[in-house]
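Peer 1: Using the sequences and the accompanying hints, generate a full structural model.
Chains as they are written, first to last, in full-length UniProt numbering: chain Z, 1 to 412; chain R, 1 to 412; chain P, 1 to 412; chain G, 1 to 412.
In case anyone wonders, no lab produced these hints; they're calculated from the structure. The beta-carbon is built from N, C-alpha and C at its ideal position, and this holds for glycine as well. Any given hint might turn out to be false.
[As the list claims (entries may be wrong)] Here's a subset of chain P near chain R, in silico, CB distances under 7 Å, partners left out:
| id | residue |
| --- | --- |
| 1 | Val211 |
| 2 | Arg238 |
| 3 | Leu244 |
| 4 | Ser370 |
[What the hints assert, rightly or not] Some, not all, of what chain G presents toward chain P, calculated at C-beta under 7 Å:
| id | residue |
| --- | --- |
| 5 | Arg104 |
| 6 | Gln158 |
| 7 | Pro163 |
[Stated by the list, open to error] Coverage of chain P stretches by chain R, computed from C-beta distances (three or more under 8 Å per stretch; other residues unrestricted):
| id | segment |
| --- | --- |
| 8 | 79-90 |
| 9 | 194-206 |
What follows is each chain in one-letter form.
Number of protein chains: 4
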Amino acid sequence: MPQPETRAAADTPGLQERFLRTRSLSEALAVPLSDADATIQSMEDASPTKWHLAHTTWFWETFLLRDHADGYRLWREQWPYLFNSYYEAEGDRLMRARRGMLSRPTVDEILAWRAHVTAAMGPLLDDPALAPLIELGIAHEQQHQELLLTDIKHALFQNPLGPAMWAEKGEGAASSPANAGGWHRHPGGIARVGHEGPGFAFDNEGPAHRVLLEPFALADRLVTNAEWQEFLDDGGYRTASLWLSDGWAWVQEEGIEAPLYWRGTEDFTHAGWQERDPHAPVTHISHFEADAFASWAGARLPTEFEWEAIARGQDPSGGNQLDGAAPPSPRGGTGLFGDCWQFTRSGYLPYPRFRPAEGAVGEYNGKFMSGQVVLRGASCATVRGHSRASYRNFFYPHQRWQFTGLRLAKDD
Amino acid sequence: MPQPETRAAADTPGLQERFLRTRSLSEALAVPLSDADATIQSMEDASPTKWHLAHTTWFWETFLLRDHADGYRLWREQWPYLFNSYYEAEGDRLMRARRGMLSRPTVDEILAWRAHVTAAMGPLLDDPALAPLIELGIAHEQQHQELLLTDIKHALFQNPLGPAMWAEKGEGAASSPANAGGWHRHPGGIARVGHEGPGFAFDNEGPAHRVLLEPFALADRLVTNAEWQEFLDDGGYRTASLWLSDGWAWVQEEGIEAPLYWRGTEDFTHAGWQERDPHAPVTHISHFEADAFASWAGARLPTEFEWEAIARGQDPSGGNQLDGAAPPSPRGGTGLFGDCWQFTRSGYLPYPRFRPAEGAVGEYNGKFMSGQVVLRGASCATVRGHSRASYRNFFYPHQRWQFTGLRLAKDD
Amino acid sequence: MPQPETRAAADTPGLQERFLRTRSLSEALAVPLSDADATIQSMEDASPTKWHLAHTTWFWETFLLRDHADGYRLWREQWPYLFNSYYEAEGDRLMRARRGMLSRPTVDEILAWRAHVTAAMGPLLDDPALAPLIELGIAHEQQHQELLLTDIKHALFQNPLGPAMWAEKGEGAASSPANAGGWHRHPGGIARVGHEGPGFAFDNEGPAHRVLLEPFALADRLVTNAEWQEFLDDGGYRTASLWLSDGWAWVQEEGIEAPLYWRGTEDFTHAGWQERDPHAPVTHISHFEADAFASWAGARLPTEFEWEAIARGQDPSGGNQLDGAAPPSPRGGTGLFGDCWQFTRSGYLPYPRFRPAEGAVGEYNGKFMSGQVVLRGASCATVRGHSRASYRNFFYPHQRWQFTGLRLAKDD
Amino acid sequence: MPQPETRAAADTPGLQERFLRTRSLSEALAVPLSDADATIQSMEDASPTKWHLAHTTWFWETFLLRDHADGYRLWREQWPYLFNSYYEAEGDRLMRARRGMLSRPTVDEILAWRAHVTAAMGPLLDDPALAPLIELGIAHEQQHQELLLTDIKHALFQNPLGPAMWAEKGEGAASSPANAGGWHRHPGGIARVGHEGPGFAFDNEGPAHRVLLEPFALADRLVTNAEWQEFLDDGGYRTASLWLSDGWAWVQEEGIEAPLYWRGTEDFTHAGWQERDPHAPVTHISHFEADAFASWAGARLPTEFEWEAIARGQDPSGGNQLDGAAPPSPRGGTGLFGDCWQFTRSGYLPYPRFRPAEGAVGEYNGKFMSGQVVLRGASCATVRGHSRASYRNFFYPHQRWQFTGLRLAKDD
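Peer 2: And the structure:
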């Protein structure tokens, strides 16, 4: 839920335009996909493209139109059951693992629904009282744009044919070697963290508060594929002492030997199998792998507050991020935002005085504060503009189908 | 594999026509389905429609064209990996549970392959030496037509919207009550069973041999929905003493309370949810359920040889079976063939002197002779003409997504 | 349940003596075991020694004393809940997988119960009307003696220390090579099978009836360890074409590479790890393995009726069987009885006109007639005297903790 | 691993006495148990009593005697394989889930080993260089004393007979109602946390450092059974909105309806089933339950540093803790130590500049810093003296077989 400050943002120009652009981008991302592509679900963690298109529409219909648009009637009575994700307060819903069974409705039927809901939203976009909820809806849909991209990548990866949904970008010359690796140093002391000021943020980014840091240093660049290859060649995946206990069990049970999309010298991408760029940041690793690499490198993962202390004041819009419906891939930038989400060693836990919002939208973030780790930054699949120094992404330590990578830290 | 006798059938007129009609029917069955419908897989036991269309084509390409057509080149090098089902001798293949991940190739691409292979088969259809293999290929594709129908029914059933792929047949007035229930009586003695004479049969139907039967009686009609409702109302699903031990464990663990597609007074069908016809044969029950019902009714299931002894000499073409691309549903006929497969109490085991064929096609039947039960007859989803008194269908005792029902037997 | 004929046996001298000898043998088998040994359960299929001692006592208390001894009061009110095995008609019971949690009652407490029940049975042993039930109770306890032996072997095998419960028999010189392998030939025709005449038999051995056999031959000896080693060395466990489909899946998933208790050139036995005798019969194989071996050897498994036709008239008491509380091990005899149970290719199914007994004891056999295979003969762990040509043992095709082996058959 | 400061403690008088008292207490705890009781393992999380007695001895033999006692020879060559817990650096070991298969060695054999090792340790106890490792060994054995108690409780609980290992303490009058519930208030600001000064501590308790706290209040007593009953009666276990998402899934899947050992108005205890004391602290709850209760109560769980800030300077020896081999049960004290471990909302993560020790003992704590939550305090099963304000216990959020309870916190 948005913080109180964001109400100020409600009447800024641009809400309507941002709403329409967000709706439109979701649809653009699905253009290269057939109805069948958009239907399949590769694992319980992932959802079909079709489902993302519908769920984001359900969000607007449920929390805005149904509750705030006079006389609005549900487009289809049964669809909320299909497209509610996890909001217990909104009642029963299709089991997550069965989302891939929805060959009907078709993508076209969902696009018709989208058009209807987008149009119906018109009058509400001018109501300042609804602006925080609309900001939330936009941010929500932007999150699902990233999930849509990572989920379809995982689905297409299952296919032995290795299908591409986009052609590789023409300019894609291999990036140049990373610099030797400098450090952002921080002297420690009291730092202010969490979202404050105008502008939207999720409820889990606040309240803003102070934390006490020890002196530390944060790498000024991401770990690369070439460096990961060294770790691998050095037996990193076979050396128990480098791993957290749960991580070692995971490596053994799942037979993990490399990042998720590695195959020989190739990576699976939205453009199919491509030669791996050694200088690009490594991605699609789990927290367990990131932690083991850091041990191997004689370093550690940063805490989320160390990361934020360095990121504050930096421009979150400079990196390699999703900018229109272009094929996302990590390209090796050195900013804190873009390319990939960066694992921290912090558990995903509530900030002091955190309170979830009232009602169903209060389920957005707070109820997931158990067993997950915080990632910071933004990835090449994160919509440009959907980045903040205070942003807290979170996944379970074994998950790795997102564009996840790492940036080392050390005590100073 | 065909028996030696079937070689005689090789030069009968009609092989070419039957080949073409079979190829064409497969395609007709898929017409009401979208690419997305044809892609989804609802469980490991079932396969996508698309996969059936492709696998039957792989069969022709592999065992006929590749091996017997000079200079034939594979349509796509990678497709055999995708569409081999279980032939170990044909090498590695996509894991069964991952068949639902094939959003590519599209149905249209598979139809193009089908057309190519159908055409390429032309010259081979006249070669008498290949006739047994071609008969096998036709029978194989006919089996997959039935599986296509039962698999897509199961897939559409997963969708809470209850989508239909066909409109219900207009004439569908409820059938009339079953007769009071007469019996086919048999005096026992030595009976001849198994396939003999001209005409195609699978290898598991032979060799023909003699068996010794005790006097028995076989019901002259199938158990109906109305009778099943009595069983259910009488607590049949909650009475341990009626069940086989494995069956009772299955009922408890899976929470089984009714046939697979029952919901209140409705059945899920290829035409969506429809009011149940009480006089139609009950279908979509497991062997465990059939056995428990028979116990409750004070009767038993027949052995496969009792069934065959009665069926010999009866016309296998008279019942309610698939006849063109029409919506299959059980209608209450009283013949031994049609409406539904009928459980026997016989385990699926080899006949005396049974030998699987040499080579990969020898994997067709023999290697499944463990843990399964024999069903006899034919169902409303079995292509008319694909029925024989000696036909042995087989499933595991818990499976029930086929049109499976029962016909009672008793000692006499 | 005993057949009607066995009533004749009721007043034969010796019932009392056989009862006492049976009770006593159960206790003797447990003598080498500590209370802790007798408590552990290595898998759901197996039960603790303590539980066998108690369950066999529960059987007498429940079906004889409670129902037929005036004024008999249960020794402990809660124990029937602990020691009922699978009799649904006798109410709720401890989950099978939790039998290993019973550190209490102690073995000594159970022995006290045994003594009490054995004594209380005294007056009932003279009642001719109860003789069939008492015969059943004796046979039941004898079956559990064999299970006690195979279950504790499996439990001790889990211990990396490889503990022995008995010293190896002193005389145990390696047996001599098997003969070249002759055959019992049978001309086929109508054969009589199933139990008939006086003497006890389980309900599943009847009714006696006629079957029609094709000409066949049954090996006059068991397959040996040396022969199995050849199969193994020839890649038998890695050759898909030799295996039933379910068997191949089992080999892959479980990583099966040899019989259960093989380790290098040693076998695990009741006397701990011992050098394997190449000329002794192979044991502790599954039906899947037996079937694959037979395929490899160019032979097949016999049907249960082929086996019985040869065994009829042979002396069931001549082989190497349990004779007092001695360490059981296969020794290489050539009789049809003793050394090991022999897999047949027959499913475990009811005979014509089979009816389970009324009441709880009717659950003894009939409800297990699904998914299992028949084994014939007797093993080195079967009490001498507990063998009949009509005896039908049954296990699931993957199970192999019994003394299971094979004898080849072929068409003639 | 001990902090450097603890070296100072090495030559304090009493190390030898504490070593001997610790060895002796372990043995005393096992006195009421039979060899069978000491053998069983109720779940993978728990270990047999016998195993604890042996593992703690393995620790001394491995890290002290083998590495530091000249000429020491292993008592039994195979036992390290059996009794290593999770030290990868010490090589292969028995799978955790198979610990319950060790009916051999017997308890008596393990006691003989214990005596040998205890005696052999004599000369090493005077070596100041080894003092830190000996302190670690004592603390390690004390931790296993608590696990021994909670594991055997869980094992005996599996037995439907509800066996007791101790008689209930005579004085056990019900405790008196808790006070209305006051609060320890804290004004926030910079607080010092982590172990410092002389005395032993585990490596995960350091390095000592400063943290910044917001003003908060910590309840001055534990939540009671009576309060938990209110939560339960108010539908707490059926109200999704109170639960973390993972917690709600756990409640649904496991059918959780009450604390682990509740049955009607009784609790399972080391003295068997006992009437529940409403004024005693609730115990045997999971983190998920504790968090849901706090939500229901309009409060929250404290962070581990809030708890520590209040606990610093309090006497850790005043509460109801294990004091000799007495039956542990929560009694309702109001101190921060004793009765039960108290859940915090903090993830179990490394402190700034934390480094695990070199070598195998470095696996003691650090590798578990993933997915677990911190508990603070001490329980009635924690040996008196084994308590510190800086002590960090940790478990997964679903585990509840320890004496776990909660103390509420709130923002101030």
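Peer 1: Each of the hints needs a verdict: does it hold here or not?
Peer 2: Verification of the hints:
| no. | hint | result |
| --- | --- | --- |
| 1 | Val211 | holds, 6 Å |
| 2 | Arg238 | violated, 11 Å |
| 3 | Leu244 | holds, 4 Å |
| 4 | Ser370 | holds, 4 Å |
| 5 | Arg104 | holds, 5 Å |
| 6 | Gln158 | holds, 4 Å |
| 7 | Pro163 | holds, 5 Å |
| 8 | 79-90 | holds (count 3) |
| 9 | 194-206 | violated (count 0) |
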